[in-house]
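There are 2 protein chains.
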Amino acid sequence: MSKYAVIGYGVVGSGTVELFEKNRDSITNKIGRDVKLGYILDLRDFPDSPYGNIHTKDFNDILNDPEVEAVAEVIGGIHPSFEFTKQLLQKGKSVVTSNKELVAQKGAELFEVARKNNANYLFEASVGGGIPIIRPLHKCLAGNKIEQISGILNGTTNFILTKMIKDQMSFSDALRLAQENGFAEADPTADIEGHDACRKICILASLALGKQIYPEDAYCEGISKITPEDVEYARNAGYKIKLIGSAYPTEGGKLSVTVCPRLIPEDNLLSHVDGVYNAISVTGNGVGDVVFYGQGAGKLPTASAVVGDLIDALLHRERPLTVSWEKSDGENLISDYKQSKTAAFIKVSVKGDADEARESISKTFDHPMFIERQNRPDSEVAFITAPMKEILIDQKLGLLDENIEILNLIRVL
Amino acid sequence: MSKYAVIGYGVVGSGTVELFEKNRDSITNKIGRDVKLGYILDLRDFPDSPYGNIHTKDFNDILNDPEVEAVAEVIGGIHPSFEFTKQLLQKGKSVVTSNKELVAQKGAELFEVARKNNANYLFEASVGGGIPIIRPLHKCLAGNKIEQISGILNGTTNFILTKMIKDQMSFSDALRLAQENGFAEADPTADIEGHDACRKICILASLALGKQIYPEDAYCEGISKITPEDVEYARNAGYKIKLIGSAYPTEGGKLSVTVCPRLIPEDNLLSHVDGVYNAISVTGNGVGDVVFYGQGAGKLPTASAVVGDLIDALLHRERPLTVSWEKSDGENLISDYKQSKTAAFIKVSVKGDADEARESISKTFDHPMFIERQNRPDSEVAFITAPMKEILIDQKLGLLDENIEILNLIRVL
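Residue numbers (my numbering), protein chains in the order written: chain A, -6 to 406; chain B, -6 to 406.
Don't read these hints as lab results, they were simulated from the structure.
For lysine-lysine, the following DSBU-like pairs were computed, each having C-alpha atoms within a straight-line distance of at most 35 Å:
#, chain 1, residue 1, chain 2, residue 2
1, B, K138, A, K292
2, A, K247, B, K15
3, B, K84, A, K23
4, B, K156, A, K159
5, A, K29, B, K204
6, A, K334, B, K156
7, A, K138, B, K138
8, A, K23, B, K382
9, A, K138, B, K156
10, B, K109, A, K(-4)
11, B, K382, B, K138
12, A, K99, B, K138
13, B, K29, A, K109
14, B, K320, A, K29
15, A, K(-4), B, K138
16, B, K331, A, K15
17, B, K79, B, K247
18, B, K292, A, K247
19, A, K292, B, K247
20, B, K109, A, K109
21, B, K109, A, K84
22, A, K204, B, K(-4)
23, A, K204, B, K23
24, A, K29, B, K247
25, A, K247, B, K29
26, A, K247, A, K218
27, B, K382, A, K292
28, A, K159, B, K334
29, B, K292, A, K138
30, B, K50, B, K292
31, A, K84, B, K23
32, A, K204, A, K(-4)
33, A, K334, B, K23
34, B, K23, A, K247
35, A, K334, A, K204
Only chain A is shown next, with the shape it has when bound in the complex:
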C-alpha cells in the first residue's frame, strides 16, 4: 500500500490532511491508485485528532517505511527541515514543501539530492500560497526569456497597506488590526520588514535564472516607514503604494532583485490587489505580461498547493521533474540595486523658503513632478523624479540645499 506522510501538524499540515482526505475520491482518480495517509509527525500531542493512530514523534517511522512514497514537509525553518528533507530524498522518497526559507537557502542542494535519487522536491506552496506560479513559470512560460517578475508576495503587508489606503489608518493601527485578525504574528518583523517577500522573490528569481539566488544578497526594505501622508500623495498622483518583490535580468548574467515599497500606477492590475491577496506579474519576451492572483497564505489555500505537489510527486514516481535550479557556487548573482533605473517619490522638509527649495529641486532633478496633499504644511515638498539610475538620485539629493531634509523615498514601479 502506497502512503504519504505529513511532517508538521500546524495550520498548513492540518489543512493538507483535511484537503487530501476531503477530496480523496477525485485525487485517487487522478493518481490512478489508492494512497493512504501513513504518518503525521509532530512533537506535540493531538489527543482529539481523528488521526491519533498515525501520529508519531519519531521521524524514523516515516524514513524507514518503504511504503511511504511522498512526504509533505510543512514545519518551516531550516532545521530540522533540511536534515529531514535530505534524508527522505536520499531514500528516494519525494518531498513537497511550503517552506520558503528552506527552498530559498538550500534549494539547489536539495534538488541535486532529489535528482540523484530519482525523487522529486516540489515547492509550489512556497510562493504565493495556493496561487499556481512555480509550474506556470517553469513549464507554461518555458518558451520565453523572462524579462521581469514583480509581485505582491506577502499578505500581511498588503492587508496593512490596504487599510492605510482605503481607511486612512496609520501603519501602527493597521498592524494592530492585522494582528487582531490573525493576519500578522505577534512578532511581525519577517513580514513587515520584507524578509518573507524577499525569500519568495529569490525563489522565483532562482527558477527564472536557473541558479540559486540568496535572500541575504538582495536589497530588502519593509513598509514600517510608510505614512498616511505618503499614501495620500501617491493617490493624488494616480498611484497606490504596495510592497513589491521584483527581479529582472541586468548585465553580465546577473539579476536585479529587490523588495521595497513601490508606487504602482492605477492602470497596473497589481494596484487593485487588496487585503491578504497576493499577485505576481511576469513578463516574458513572447507572452508579454501575465498576472497570477489569489490567496497568498492561509490553511486551505496553501494546502491546495501542497496537495497538488503531492499528487504530482505520486504520479511521477521515480521520474524526477525538472522544476529546479543549480548551485551558484558562492557567486553573488545579484547586481547592485544602486545601478538600476527607477523613478522615485521623494518627500522633503524645508527649513526656510519653500519656493526656493522647489527651485533647487526643479533645477537638480530636471522637471520633477511636484504633488500635493490636503493640509500640506508649507515646509513639506513632495515630488516624483524621472526614471534614472538610483545612484544618480542619491547624487542629486546630495546636491540639494542644506536646509532640505529628506523625509522619505519610495520607488515607482
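Using the hints, position chain B against chain A.
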C-alpha cells in the same frame, strides 16, 4: 537529429517559429538536447521566408520523417487539422495546438489516440492565448474540487466593451475600431456572438469535469445587443459589463456552462480587465479564488503557449502526460441554464404610467433595485433583481403588466 515541425504558417505559426528560434539557446538548455526546425507546412508560398528550404506543401514529409518528434498544429478549424493530428499521433509523434475548435470538438478522441501511441496532445494555447491556465488548472489545482470557472475569454469582445465603457462608444463604432486595429475579423460573428468564448469555456469545463463537454450544448449569447445606456446603468449601480464564459457543477454530475454578457461588480478583479486582455477566475474548495490574466490572443503571446507545449512534449518523449479528459458517449453533460440561479439587470419600456409600472415590477420581483441614468426617458425603467432561478425570472416577467416591454436582460455574475 530530433526535429519539430509547424503546420500552418499564419500569425501563430510564424510566431511559433520566431519565438522558438529567438530563444533557442535557453530552450535547448531546458530540453537537454538540440531539436531543429524540420518542416513548415503551408499551402501558400513564402518566397521571402528565411526558412524557404524547409517549407513544404506535402503533409507526408512530416508524417514520414522519423526524426520529427513534435508538431505544432496551428491551422485552426476541424479539417484537415483533425486528420493531420490523428495520423501524427498514431505514428507516436506529439502534437501541440492552439486550435480551440478542434480540442472542443474532438479532444477526447485525440487524447485517446495519443495515449495509445505513447504520444502527447497538448493544448495550452487553445484557451487564453499565452496565459497559463490548462496546466495550472490540471496540475497545480489538482488537489481541489473545482467550484466554478469564470473568464473573459475573448479579446475582441473585451476590446469592444472596454471602448463602450471607457469612451461611451456604440457597439457598432467600437466594432469598427476593433476591425481597424486588427482586433476583429472582417466577419466578426464567431467573436461577437460568443462562439469563440464558448469553445474555450467548454475546454476548461471538460478539463475540470474529466469528460468532453460540447459547445453546441452550452447556452451562448453575444454582446451585439448591449447599448451605451446599459453600460451607463451598470456603471451607476457599481458594475461593468463583460462577456463571461462560466462553468460550475450542478446536480447529478452535470455542469452549468454558459457564455453571455454579465454585470461584474467593481470589487471583482475581472471588472478591471480591459482591452484585448483575458482573465480567468477559478474557485477551488481548497484554494478559494485564483485569477490568471494576460494577453488572450496575438502572435507571440499565443506562440508562447505553443512553444511551452513543444518543450514539454519534447521533454516527455514516449511518456504521455495526463492533461486530458474522457469521451462523454453522446451524453449531454450540461444542465439546463434556466434552472440556474442568477440575478439580472432588466431594462423595460413602459407605455403609459411609469410609476404604475414600477409598482407592478416592485410587487412581482419583491424588492428589485431600481437604477438610474442621465437623461433617462420617463418611459424607461431599469432594475436589478435578487438572485433566483432563471426560469422564475421568466415567469415573473410574464406576470408584468402588458404595457411593459422587455428591452434587455443582462445577467449578474
